[in-house]
Structures are given as C-alpha cells and as structure tokens.
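**Q** The primary structure of each chain is shown beneath.
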Amino acid sequence: MSSRCPVSLLFLLPLTLVACHRETRDYESDALLSNDRPVAFGANAYHLAQGQRLYAWMNCAGCHAHGGGGMGPPLRDDEWRYGGSMEQMVATILDGRPHGMPAFRDKITEDQAWQLATFVRAMSGRARQDMLAGRADEPANVEPLTLDSRKPVRRVTPKQDDATEE
Amino acid sequence: MKRAFAISAVFALGGCGGIQSAAGRDGMEGSLIGGLFEVFLWTTAAVYLFVLAYLAIALVRGRRHRREAAGLQGQPPPDADRKWRTGLIVFTGATALILAGLTIATWLTDRALAKAEQDSPVEIEVIGHQWWWEVRYDDPIPSRMVRTANELHLPVGRNARITLKSNDVIHSLWVPNLAGKQDLIPGRIADLVLHPERTGVFRAQCAEFCGLQHAKMALDVTVESEADFGRWKAAQLRPPPVPTGGGALAGYSLFQSRQCSSCHAIAGTPASGMVAPDLSHVASRRTIAAGTLPTTHANLAAWIDDPQAVKPGNNMPEVPLTEAELGAVTAYLETLK
Amino acid sequence: MKPEYDPDGYRRDGPDFTGEPLHAKLTETWRDGPGLLGWIRSVDHKSIGRRYLVTALVFLALGGVLAALMRLQLSGAEREIIGPDRYNQIFTMHGTTMMFLFAVPVMDAMAIYLVPLMIGTRNTAFPRLNAFSYWMYLAGGLLLWIAFVLNVGPDAGWFSYVPLAGPEFSPGKRIDVWAQMVTFTEVAALAVAVSLTATILKKRAPGMTLARMPLFVWSILVVSLMVIFSMPSVATASGLLLSDRLVGTQFYNSYEFGDSLLWQHLFWFFGHPEVYIIFLPAAGFVSEIVQAFTGRRTFGYTAIVLALIATGLLAFGLWVHHMFATGLPRLGYAFYTAASMAVSIPTGIQIFCWLATIWTGRPRFMVPLLWVVGFVVTFVIGGLSGVMLASVPIDLQVHDTYFVVAHFHYVLIGGAVFPLLGAITYWFPKFTGRMMSERLGKVGFWLSFLSFHATFFPMHIMGIEGMPRRIYTYPAGMGWETLNLISSLGAVVFATSVGIFVVNMLLSLRKGERAPDNPWNASGLEWATSSPPPPYNFAHLPIVQDHTPMWNDERPVAYGLRVEDREMLISTVIEAVPDVREPSPNPTAWPLIAAAASTVLFVASMFTPWAVVIGAVPVAAALIAWFWPKDMNHEGEPVIE
Amino acid sequence: MSDKPQFNIDLAPLPTHAFGHRALTWWGLVAFFLIEGTAFAVAIAAYFYLMNLDPAWPPPPFLPPELLAGTLFTVLLLLSELPNTLAKKAAESEDLPALRKLLVVMSLVGLALMIIRGFEFVSLNVLWYQNAYGSAVWLLLVLHTTHIATDWVDTLVLTALMHTKEGTKGRRFVDCAENATYWRFVWLVWLPMYALIYWLPRIA
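Residue numbers (this note's numbering), protein chains in the order written: chain G, 544 to 709; chain S, 3 to 339; chain E, 9 to 649; chain F, 153 to 356.
In short, the hints are calculated from the structure, not lab data.
As the structure is a computational prediction, the values presented were derived from the model and not from experiment.
Warning: the hint list may mix true and false statements.
As the list claims (entries may be wrong) - Only part of the chain E face toward chain G is listed, based on derived beta-carbon distances under 8 angstroms:
hint : residue
1    : Gly174
2    : Arg182
3    : Thr191
4    : Tyr344
5    : Pro637
Backbone N, C-alpha and C define an ideal beta-carbon position, used for all residues, glycine too.
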C-alpha cells in the first residue's frame with residue numbers, strides 16, 4: 544500500500560533529518576565516552592531535558608533566574624564572560640568562577656554538568672530547534688525557548704567585565 | 003460461567019489474597035469494596051448465565067425450525083412477534099431494575115466509605131516523584147515531623163488521612179489490600195483515608211503511568227500495633243549516630259563530600275538535599291529504590307555502583323567511586339538503622 | 009450568454025436504453041482511469057473503501073505484532089527482552105494504532121464501501137472528500153510508524169496524559185508526532201462523517217424512507233453524527249498540547265493557572281464516545297448478518313434504531329467515569345455511575361432482539377453467524393465487567409489494572425472485531441466476487457474464539473490480584489507469573505488464528521468459488537447488483553417498498569439519469585422522494601495534492617509554528633484548484649424552473 | 153440484473169440544481185457548521201474551565217484587552233451582513249450583474265476585517281505564553297481568525313469565478329448563496345468570542 548503512496552516520501556525527509564540520536568534516552572550515558580561530547584550531549588533531547596530539571600534541582604535559578612539573570616549573569620543573552628563553548632560552560636559549572644559562581648564538582652557528576660551545559664546552551668538559542676521544549680511546568684512567563692532568536696557567542700573578558708562593574 | 007468460578011476462587015482466599023491484592027480485606031475500605039464487588043460479581047454472573055441460557059435455547063430452537071422448515075421467514079406478520087415485544091419490555095424493565103439496584107448498592111458503599119473519614123486520624127503527606135514516594139508524618143511540633151521515603155507505617159485500627167501531592171507528573175497511590183486508589187496530580191491536593199484492620203506487610207504501587215520507571219515505583223506498607231508504630235516513629239525521630247571509625251566513618255565523610263549529599267538528606271548531618279529520598283534510616287527499610295530491591299549489603303552496593311543498571315532511567319547518577327569508596331559508603335548506609 | 013437547450017440532447021437510461029449497451033456506456037462514464045494515475049485519481053467509493061479496508065487491516069497486523077512483543081516481555085517476571093523505553097513506546101503505539109489507525113478507519117472503510125450500495129445510489133456524496141480522507145489517514149499512519157521506526161515513537165500512552173506528555177517530561181518530538189497523528193486521523197474521520205451523513209440523508213433510492221433504512225445504515229448515521237460532535241474535542245485537546253509543547257502556551261501548566269485535568273476532560277469527552285463509534289457499526293453488522301442468516305426480518309427494528317440513538321446520546325454523558333480516581337467532587341460521580349450503567353440498557357435491548365430473531369427464524373450456522381454467536385458470548389462479559397467499572401468504589405480498586413485491560417479487550421475485540429470478521433466473511437463475495445472458504449473460516453473462528461478467552465480472561469484475575477497496567481516488568485513472587493504465562497501462550501494461538509483468517513482471505517481472493525449476485529439470499533439492495541458491483545453500482549436506481557427489497561419478487565426501478573455524465577439522484581431527507589439530479593465529480597488528483605500539502609503543513613508545524621502560516625498557502629491553492637468547477641463531459645443543462 | 157426490471161419512475165424531469173436544504177452543498181455546509189460549532193463550544197468550555205480555576209481573570213498585573221480594535225471589528229462585521237444578505241438574494245434570484253458587484257464589496261470588507269484583526273492581536277495586553285489566561289484569549293482569537301480568513305479567501309475565489317463564463321451556470325449561484333450562509337455563521341460565532349475576549353475580563 545504505502546509503497547504506492549507518494550505522500551510517504553514527503554515526510555520521510557523531515558523525519559530522517561531529526562536523526563535518531565536526538566531521541567535516544569541515553570540514561571546509561573555513554574555520552575561521556577564519546578569523543579565528541581558537545582554532540583553526544585548537546586544534540587540529545589533527553590540530556591537537554593535532564594539538564595533542565597537539574598537547573599531547577601540545583602537551584603541555578605536562584606542566581607540566574609530563568610535565564611534572565613539576577614545575582615548571577617543572564618544566560619539567555621549572547622555574552623559569555625568565560626566562553627560560550629560547552630567545554631567552557633562545563634568547566635565553569637564544575638570549577639566555579641570568581642564573583643560568586645560556586646564549583647559543582649562534588650555536587651553533581653560530570654554527566655550532569657554536561658546535561659546542565661546542554662540546557663544552558665539551549666537558553667542562549669544555540670540548541671537544535673527540534674530538541675527544545677516550549678516551556679517547563681513552572682511559574683515562568685519568559686519567552687519560549689522554541690521562539691528564542693539564535694544568538695552568536697560574544698565573549699566578554701573578565702577584565703572588561705570588572706571595568707563595567709566599576 | 004468460568005468467570006464466576008475464577009474470580010470467586012480469588013475471593014475464597016479472602017484476606018490472604020497476596021501482599022498486593024484487591025481481594026485482600028485488610029482495611030475497612032478494602033473490605034467494603036470487596037463486599038460490593040461480590041454483590042456485583044454474583045449479580046453479573048447471574049445475568050451472564052441468563053444470556054447464555056437464552057442464547058443456547060435460541061440456537062436449539064432455531065436449528066429445529068431449520069430442520070422442520072418452521073419458524074418465521076421474510077417479513078413476519080405484525081402479530082407474529084407480539085409475545086416477543088412483551089418479552090422485550092419485561093427484559094428492559096428487569097435490566098433497568100437490576101442496574102438501579104447496583105447503583106444503589108454503589109451509593110450505599112460510597113456513603114459508608116465517606117462515613118469512615120472521621121475521628122482523629124494520623125496525618126500523613128505523600129508526595130509523588132519520578133519514580134519514588136516521599137512520605138511525611140506531620141506534627142504540630144516541627145521537630146517531631148518524620149520524613150521518610152518509599153515506606154508507609156500505619157497503626158492498625160486507626161484512621162490515617164493521607165494528603166496526596168505530586169512534584170512532577172500524575173502518579174496514583176494504590177494500596178489494594180487497604181483501599182482504592184487516588185491520583186497525585188501536580189497543582190492539586192487530594193486526600194485518601196485508610197483504615198487498616200489487620201497488621202501485616204503490604205505492597206503499594208503507582209497506578210497511573212508516570213514515565214520510564216512507572217513499573218518500579220512501589221511503596222512498602224507496614225500495618226502494625228499502635229505501640230510498634232509509636233516505637234517506629236520514635237526511632238525515626240532519633241538522628242542516626244555519626245560513625246566513630248572504620249569504613250563507616252570513611253563512608254560518612256565520602257557521603258558528605260561527594261555528590262550524594264547534594265540530593266539526599268541524612269538527619270543530624272550536613273547532608274540536606276531534598277531532590278532524592280531521605281536516607282536518615284534507610285537501613286531500617288525493607289527495600290531500596292522504591293521497592294525495587296530488598297535492602298541487603300549486596301543490593302545497596304550494586305545500586306550505588308550503577309543505579310542505571312538496576313532501574314534504567316531513574317534520576318540517580320552513576321557516581322564514580324573506587325571499590326574501597328563504594329564499600330565504605332555502603333558500610334555507612336548500613337549503619338543508618 | 010444562454011446555452012441552447014435541446015431536450016433530447018442527453019442520453020438517459022430507461023426502457024429504450026438498458027441491458028448490455030447501457031452497461032457499456034455507464035461503465036465508460038463511471039470507471040476509474042487506467043493505471044497508477046487512475047488509481048490515484050479514483051473517487052469511486054468502492055475503490056476508496058477497498059484501499060481504506062486494506063490499509064486498516066495492515067495497521068491491525070502491525071498493532072498485533074506489538075501486542076505479541078508485549079506478551080513476550082510479560083510472559084514471566086523480571087524478563088529483560090525489552091527495556092522500559094522501548095516497551096513504553098510499544099504499548100503506546102499498540103493503543104494508538106488500534107484505536108486511531110485500525111478500529112475507527114476500518115468501520116469507515118466498510119461504511120464507505122457498503123452504504124451507497126445499501127441505499128441504492130451510484131456513489132457517496134462529496135466523493136473527493138472521501139479520497140482526501142483516505143490520503144490524510146494514510147499520511148497520519150505513516151507519520152506515526154515511520155517515527156516509531158526512527159525511535160521517535162510516542163511513549164506516554166494512547167491517552168497521553170499531561171504533564172507527562174507535556175513539554176517538560178516528554179523531551180524530543182515523540183509526543184508531537186502522536187498529537188499530529190491525531191490531527192491527521194481526526195481530519196480523515198470528520199471528512200468521512202460529513203460525506204456519509206450527506207449520503208445517507210440525501211442519496212437514498214426512491215422509497216427508502218428513514219424507517220426502511222437497513223440497520224447498518226442507521227448505525228452509520230448515528231456514528232457519523234457522534235464523530236462530528238466528539239472529534240473536535242480531541243482535535244482541540246491535541247492542538248492545545250502541541251501549542252504547549254511548541255510555542256509555550258500554558259493550558260496544562262498548573263503553575264501558570266493552567267490545569268492537567270483539562271486535558272483529561274477534553275480527551276475523554278471524545279475518548280468515551282469513541283468506544284461506541286467503534287461498537288455501533290459492529291452492532292450494525294450483527295443486525296445485517298442475523299437478518300440474512302435467519303431469513304427473517306430482524307425482530308424489533310424500531311427498538312434497535314432507538315437503542316442506537318440512545319447509545320449515541322448517552323455516550324456523551326459518561327466521560328468522567330475514566331476519571332474517578334482524580335478526586336473530583338463525589339456527588340458528581342453518582343450521576344456518571346448511573347449514566348454509565350444506563351448505557352448498557354440499549355445494548356441489552358439489541359442483544360435481546362438479535363437472539364429473538366435467531367430463536368424465531370431459521371438460522372443457517374455459517375461462518376458469519378458463528379462470529380455473531382461468538383460476539384454475544386464474549387461481548388456480554390465485557391459489558392458486565394463494564395457495569396462493574398461504572399461503580400465508583402470498584403473502579404477505584406481495579407482502575408488502571410489488568411482488569412480494565414481485560415474489560416476493554418472483551419468489548420473491543422469481542423464487540424467489534426468478531427462482528428467485523430463476520431462482516432468481512434459476509435460481504436467478501438460482494439467485495440471480490442468470490443466466496444471465502446467455509447471450512448477454513450470455521451477453523452479460524454473456533455481457534456480465535458477459544459484463544460481469545462485464554463489470552464484475556466486471566467487478565468481479569470491479574471487485575472484483581474493487583475497487577476497495574478503499563479508496567480514493562482514485574483517482580484517475581486507476586487503471584488502473577490502463571491496467569492501471565494497462560495495469557496502469553498493464548499496470545500500466540502490468537503495471533504495464529506487471525507493469521508488463518510488472513511490466509512483464508514488471500515486464498516479465496518485467488519481461487520475461492522465464484523459468487524452470484526446474492527449468494528446468501530440476503531435482503532439488502534447491495535445484493536441487487538453484480539458481485540463485485542460495476543463502477544456505477546446500479547444500471548437503473550432500484551425503488552424500495554419495504555425493509556427487505558430483495559425478498560420481493562418484483563424489481564421496480566427509477567430511470568432517466570444521464571449516462572454520459574456522472575449524474576446522481578438527490579432525494580428528500582425523510583421520505584426519499586426523488587427531488588434533484590446533481591452531477592457527481594469525475595476522477596481527480598486534487599484530493600491527493602491537497603492531502604500532500606496538508607501533510608507538509610502538519611509535519612513542518614511540529615518543527616516551527618511559522619509552517620502553519622507558510623504551509624497554508626499551498627493548502628489553500630490545492631483546495632481552490634480542487635473546487636474550481638471542471639467542465640462536465642457535456643455542457644450542463646440550464647435551470648428548468 | 154438478469155430479470156427485466158419494471159420502469160416505474162422517470163427522473164428526467166427533475167431539476168439539476170436547487171437552493172437551500174434541497175442542495176447537497178447545503179448539507180455539507182451544515183455538517184461543517186456542526187463541526188466548527190463544536191470546536192468553538194469546546195474552546196469556550198476550556199476558556200470557562202480555566203477561568204474558574206484562576207483567582208483573578210485576568211491575573212494581575214495583566215490588564216483586560218483594549219476595546220477599540222475589537223469593537224470596530226465587531227461593528228464592521230455586523231454591518232457586512234447587509235451586503236451579504238443582498239448577495240445571497242442576488243444569487244438566489246440568479247441576478248449575475250448585481251451578484252458580481254456585491255461579491256467585490258464583500259471581498260473588500262473581508263480585507264478591511266483582516267487588517268483590523270491584526271490590530272486586535274496587539275491590543276490584547278497579554279501574550280499567549282504568559283499564563284493560561286493569555287493562552288485562552290489567544291486561542292479564541294486565533295480560532296476565529298482562521299474562519300474569517302477561510303471565508304474571505306472563499307469569497308475572493310467566488311468573485312473571480314463569477315466573473316468568468318462559469319458564472320452563468322446555475323450551480324455556481326448555489327455556491328454563492330452557500331458562501332453567504334457561511335459568512336453568517338462566521339459573524340454569529342464571533343459575538344460570543346467578542347464577549348469572552350473583551351468584556352468578561354472586565355466584569356470577572
């Protein structure tokens with residue numbers, strides 16, 4: 544039946560584009576073993592979702608709010624004091640930074656740090672559109688990530704940062 | 003027919019219908035519902051027998067008509083079916099009556115269940131998480147509030163009012179031996195009153211599909227005498243002793259310094275994570291990982307070593323520990339009686 | 009400009025133009041074009057019905073495979089054949105496939121094929137809408153299954169409760185695929201419902217008053233109206249779910265004043281009528297089969313019609329009995345208990361009438377009637393366990409356990425699939441021109457009947473023994489192993505028996521004995537034409553004088569329809585008095601193109617909301633081209649009044 | 153059929169098109185009214201369901217929508233029933249010249265309405281993702297916009313069609329008449345929407 548049907552071809556395309564990897568529930572987390580972690584984590588919807596939950600569980604919102612920033616810098620913008628690459632974000636999370644970012648090395652595992660970084664990266668509009676969730680079940684009426692505009696990474700060195708703080 | 007036999011067989015077992023059985027009559031609600039169920043069972047069984055008999059006779063009569071080329075054909079004359087029309091009316095009336103009877107029986111049971119919800123009950127709060135149960139025994143004095151997980155202790159012969167909340171998705175608390183189920187819905191608060199009538203150990207399980215590990219989200223229920231319950235509660239209130247030496251001490255410091263403490267809490271120690279089950283008296287519980295494994299040294303070690311192998315998809319990460327560290331942490335947890 | 013009028017310019021069927029030459033002419037006018045293109049462009053209700061039926065049966069097979077996998081995993085405690093993630097996808101796919109891609113479409117299929125024949129007309133109303141419906145249905149089914157193969161299969165259960173199915177707890181596209189598949193199948197089902205309602209009300213043969221319609225047609229009329237009133241609800245629900253997931257609306261987010269129970273209300277307001285949308289056509293089959301095989305008019309025609317209507321109405325008043333455990337106000341429950349119990353009265357009435365017909369008639373115990381007997385024995389158990397579930401306290405115990413699983417499989421397989429298999433056997437000669445093998449049919453029936461009970465009866469007890477639904481594994485020592493093993497073994501046999509039925513179909517299709525016009529000496533108009541029917545169904549439109557036209561000796565007909573254009577008779581709603589002659593569309597590919605455009609829109613909208621705006625353009629274009637009037641083969645007549 | 157049939161009724165004298173419930177189109181249209189009507193009913197039910205759960209409607213600090221655009225839209229929509237009725241009459245009396253003019257008028261009205269609708273969206277004072285209230289209000293407005301858009305396009309197509317020689321065919325007049333009926337449905341369902349979107353948040 545289907546073989547005779549041209550319609551099937553039409554949406555084979557978009558579906559095959561969303562490669563199966565995005566959907567694997569990678570709870571055994573072989574992602575750390577992968578030699579391309581930014582993809583292994585950053586392109587997987589499950590890790591993104593886990594990162595979103597860790598963001599709440601580890602009370603990241605306490606300082607960064609829902610990405611809008613507060614005591615800590617905003618995460619939805621394009622400014623990255625310590626670099627916006629996933630490796631740099633993971634480093635920031637695990638080892639902390641001056642001006643109050645605590646080190647989470649012994650609070651969460653490396654896997655979880657990568658999951659968090661995946662979510663944070665998504666906040667700044669740099670995740671694959673097809674992994675994103677419109678919203679979380681929480682009181683937050685910020686613009687849905689799915690409608691968030693793509694942002695480049697603009698690095699702000701700690702020096703300038705201090706200057707601006709004066 | 004065989005339906006009737008089979009299920010009544012289950013009921014013949016009465017109370018001893020297993021540790022997770024709706025046929026168990028270990029709580030007042032359970033017994034009331036069980037009684038109602040029997041009423042329904044026998045009524046419907048009778049109705050079913052009637053239909054089967056009706057069908058059988060119809061087949062026999064029909065066959066005979068066929069053999070003798072008798073019976074009605076084509077467009078039967080209007081009066082040919084007169085007695086059947088009367089029959090239809092009687093049948094409909096009878097059905098309506100039976101259903102009315104069953105509705106009333108239902109309503110009476112419901113009333114009885116509602117009545118049960120009086121006197122000074124034990125106030126308990128159960129919060130559903132993916133995929134474990136958080137249990138709190140409220141007390142006017144905050145310091146006397148007990149917080150535990152995946153186990154529920156109830157005094158026999160006394161009401162327990164359980165307030166149900168959910169932290170993520172919809173779960174459903176179901177202790178079949180004691181009573182019917184009640185959903186835990188995020189953003190809503192429901193309550194369920196239990197009135198256990200027999201002491202014993204029962205198993206409850208999440209009854210609303212709640213994601214990856216819905217299958218391994220059980221709750222260990224102990225119904226005990228008022229005295230035992232008091233003793234248990236007292237024990238729960240006592241913070242576990244901090245180990246003074248040996249592997250346990252090493253395990254203690256590992257627990258505090260490593261990832262464990264950011265999610266788990268242990269009374270009387272800096273560990274105060276609220277994300278995962280409270281472990282203050284984990285060794286005193288019969289099971290770990292929400293009824294997944296019995297609490298033994300080997301199971302504890304296996305669970306900490308690789309939670310994802312035991313319960314794939316649960317939210318506990320695989321904390322990198324050496325053999326020695328693993329042994330130490332396990333040893334420490336075993337002291338938490 | 010006024011086209012000239014030549015009263016004799018059009019050839020019509022009639023006393024002077026009948027028999028072979030007429031047959032040739034009408035065939036030329038009504039047949040599908042040749043080749044693949046002809047297949048694609050077909051608007052013939054028989055072609056569409058046939059492909060609808062085949063597709064639905066394919067999905068039945070796929071759903072069955074999933075069921076087998078689940079029984080394999082559950083055949084013993086702690087089995088590790090399938091992991092939790094895949095298992096959750098599998099049971100979700102099983103439920104979704106069976107409900108949305110098999111049960112409802114298969115009934116549509118039978119109706120699309122049979123209704124025009126039963127009411128004596130040449131095609132359905134809005135045939136292009138039916139073609140469109142089929143393509144949408146196919147697209148939705150393929151979307152779901154391709155996704156499943158790509159590990160994007162939905163995994164939140166066939167009723168996708170939020171918040172589990174919401175944006176936070178179901179990452180990725182899995183649930184979007186599910187929700188969009190619902191949209192596809194809703195569009196398809198609604199299109200068919202519109203077409204069938206109009207067909208039944210306006211295209212009946214002269215003299216077929218409402219009170220003379222075959223009971224199957226009655227059931228389809230009721231069901232079509234039920235579809236029209238229930239499906240918008242689930243379409244809305246899944247639309248809101250999609251917008252929550254994709255553009256961050258807050259409908260189901262309790263933290264922003266939304267509510268997760270809103271989903272359950274919207275879903276079950278459709279979900280419960282759905283069950284009767286599946287069951288009522290099956291009841292229609294039973295009425296037809298009983299009448300044909302007892303050789304007497306079904307007893308209690310009026311009672312059955314009223315029962316159908318009553319069921320249709322009551323079905324909308326019981327959705328809350330799916331939500332007894334959510335803690336809604338107790339008082340309300342009493343009403344839903346009463347309503348849920350009351351709905352079994354009309355069904356009881358129908359069963360009484362069928363048995364009375366067998367009792368007083370001259371039953372021929374051939375395969376279709378056997379399926380009816382099996383249906384009664386099985387379905388009544390499902391109905392009675394349904395009565396138990398209507399009782400709030402009992403429901404609170406067995407809700408979401410295997411007792412419920414047993415209940416709805418007794419209702420859906422016993423109540424809908426058994427009659428369906430009987431109906432396929434019964435109408436197979438009309439569909440294909442060949443009889444199905446009686447011997448193989450009997451073997452298949454007994455095997456499936458017995459293995460069905462072996463598979464599903466133990467589930468009642470599992471449920472009472474505390475086994476919840478939707479668990480991918482269970483610990484040893486719960487006392488569930490034996491029952492599960494029996495059930496799994498039964499499932500193997502059951503699968504085989506269904507296989508036998510399929511084999512029977514395929515064999516008979518090749519070398520079954522040739523079927524005459526009316527092999528069963530049945531009473532309906534569908535048997536008045538050849539088997540299989542010619543493209544135009546009837547050379548002259550039959551005139552109906554009573555309920556059982558084929559049991560009369562004379563064959564009065566109406567004539568005078570144009571034969572060089574597709575012209576159909578529109579009659580009045582109640583009395584079916586000939587009223588207007590309207591042209592019927594020629595074959596066209598636009599429905600397919602419109603469906604393709606809609607598919608692009610729906611699928612793309614899972615990835616960006618803008619697809620709805622941009623995608624609307626090609627859809628609109630396709631629809632305009634579709635409805636832009638095509639010239640008839642010959643210049644249309646001017647108005648006569 | 154083998155045995156010779158008896159020819160009883162001659163259908164040749166029957167008309168080839170008719171208006172109102174005698175036409176098949178009309179029944180199709182009614183079915184779609186029922187479907188869309190049900191969809192609107194469900195949306196309204198959801199609106200009230202959410203409203204009853206919320207402490208305040210709209211929840212502070214959100215303000216009810218601005219009245220201007222919505223009210224303007226409503227007035228124009230109601231006025232448009234005048235040319236619409238004329239168009240329906242023209243169609244039924246098969247007065248082609250009049251019908252052509254009126255269809256042009258209706259197309260322009262549709263355009264104007266679409267423009268005003270744009271302003272309605274920006275005057276809601278809430279975005280769809282801010283809370284359930286916002287979501288509900290947007291739901292109603294979007295739902296109705298799809299209908300207005302659909303019928304507008306339909307009218308445009310018919311306008312074009314009736315200016316071709318197809319327009320002389322009797323059945324095309326039926327189409328125009330049914331299109332006018334659909335327009336009535338569109339403004340009829342708008343009235344409750346208007347009340348729910350613009351006034352209820354002020355009263356509740």
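**Q** Hint by hint, note whether the structure agrees.
**A** Hint by hint, here is what the structure shows:
With a cut of 8 angstroms, the hint placing glycine 174 of chain E at the interface with chain G holds, because the nearest CB-to-CB distance is about 6 angstroms. The beta carbon of arginine 182 of chain E is positioned within 8 angstroms of a beta carbon in chain G (closest approach about 7 angstroms), and the interface hint is therefore held. The restraint placing threonine 191 of chain E at the interface with chain G is violated, with a minimum CB-CB distance near 13 angstroms, outside the 8 angstroms limit. Annotation: tyrosine 344 of chain E was flagged as interfacial toward chain G, and the flag is violated, the nearest CB pair being 28 angstroms apart, outside 8 angstroms.
Because the beta carbon of proline 637 of chain E sits about 26 angstroms from the nearest beta carbon in chain G, more than 8 angstroms, this interface hint is broken.
Against the hints set out earlier in the document, violations occur for numbers 3, 4 and 5.
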